[in-house]
Amino acid sequence: MENKNGILLESGTNELEIVEFLIGDNRFAINVIKVKEIIHPIAPTKVPHAHPYIEGIIELRGEVLPLIDLAKALGFTPSNNPAQDKYIVAEFNQQKVVFHVHNVTQIHRISWKQIEKPSQMYQGLESQIIGVVKLNGNMILLLDFEKIVVDINPQSGIHVERVKKLGKRERSNKKLIVAEDSPLLRKLLHDTLAEAGYVYVEFFENGEDALNYLQSIVQKGKPVESEVQLVITDIEMPQMDGHHLTKRIREDETLKHLPVIIFSSLITDDLRHKGERVGATAQVSKPEIAELVQMIDQHIL
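If you're matching positions, the sequence shown starts at 1 in UniProt numbering and goes up one per residue.
Hints are computed from structural coordinates only; laboratory data are not their basis. The beta-carbon is built from N, C-alpha and C at its ideal position, and this holds for glycine as well. There could be a bad hint or two in this list.
[Unchecked claim] DSS-like mimics (lysine-lysine), calculated; alpha carbons at most 27 Å apart, straight line:
| hint | residue 1 | residue 2 |
| --- | --- | --- |
| 1 | Lys117 | Lys147 |
| 2 | Lys46 | Lys147 |
| 3 | Lys256 | Lys220 |
| 4 | Lys165 | Lys187 |
| 5 | Lys117 | Lys174 |
| 6 | Lys147 | Lys86 |
[Said to hold, decoys possible] Derived DEER-like restraints, expressed as beta-carbon distance ranges:
| hint | residue 1 | residue 2 | range |
| --- | --- | --- | --- |
| 7 | Pro82 | Ile57 | 15 to 23 Å |
| 8 | Asn212 | Lys134 | 30 to 38 Å |
| 9 | Glu202 | Ile110 | 46 to 54 Å |
| 10 | Glu170 | Asn212 | 40 to 48 Å |
| 11 | Lys165 | Gln106 | 40 to 48 Å |
With these hints in hand, go ahead and build the complete structure from the sequences.
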């Protein structure tokens, strides 16, 4: 199913559309569903003592939005041809931000299977790259925009203090699995879920690995509910995204009763229907970790 602009609307197909853009001669991409619009640059208002990556603020249809110099955030030089520069207006993690890029080239429809995990050689724990796409002889790097924003404003990330505000928690023997591709977020989720009392948590880098694990339990002749009581999944992951994972779980007679909570920066009023269509039990927007914990409590305690 597509809308009149050709944007992919069907849920659970394990496909996505990416906007390819340039910083210098380097090719990067952002998931189309994060993009609200692409506009020509307008002069920003400078903000005193702002973070070095912040060029200023702009007003767009009555909203005041921060403008991020993506070249500076990635360690590249300024544009050689400012006449081609573009602003990408994006929305995720319950906030809107504008990214200044050097040009926007085209939109590609691809499968998450085509996205390779970055090598450990250059990825590291806090990499700004979440995937590499090889297309038409070029390498396109899919950026971790959430991390770029958290680097600028650490308060917009996941914090264990939000769980501590829920009060004293009892240790739970319930077993959870989490599909999350970011090493940094896996660590943060490990720490915050442990603080919430959920200490039996198995982590997977993508939906495919999580699904294989669930199916392996069934193949051993065990009821899956004896080994896993709840699944938490991100949406954007190489190999298999969270919507497709949820769909596959719901289509499997031996797995379909498992509660599945989608925990993603892409949970917005406009996109919530995608998770509903594939049968998600609940959907929580990052970084609302306390809300996630309350949803877990509701469905398995």
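Quick rundown of the hints versus the structure:
1. Lys117 <-> Lys147: holds, 16 Å
2. Lys46 <-> Lys147: holds, 23 Å
3. Lys256 <-> Lys220: holds, 18 Å
4. Lys165 <-> Lys187: holds, 20 Å
5. Lys117 <-> Lys174: violated, 30 Å
6. Lys147 <-> Lys86: holds, 21 Å
7. Pro82 <-> Ile57: 15 to 23 Å: holds, 19 Å
8. Asn212 <-> Lys134: 30 to 38 Å: About 24 Å separates the Cβ atoms of Asn212 and Lys134, which means 30 to 38 Å is violated.
9. Glu202 <-> Ile110: 46 to 54 Å: violated, 29 Å
10. Glu170 <-> Asn212: 40 to 48 Å: Violated, since Glu170 and Asn212 (Cβ atoms, about 32 Å apart) do not stay within the stated range.
11. Lys165 <-> Gln106: 40 to 48 Å: 45 Å Cβ-Cβ, so the 40 to 48 Å window holds.
Of the numbered hints stated above, those contradicted by the structure are hints 5, 8, 9 and 10, listed in ascending order.
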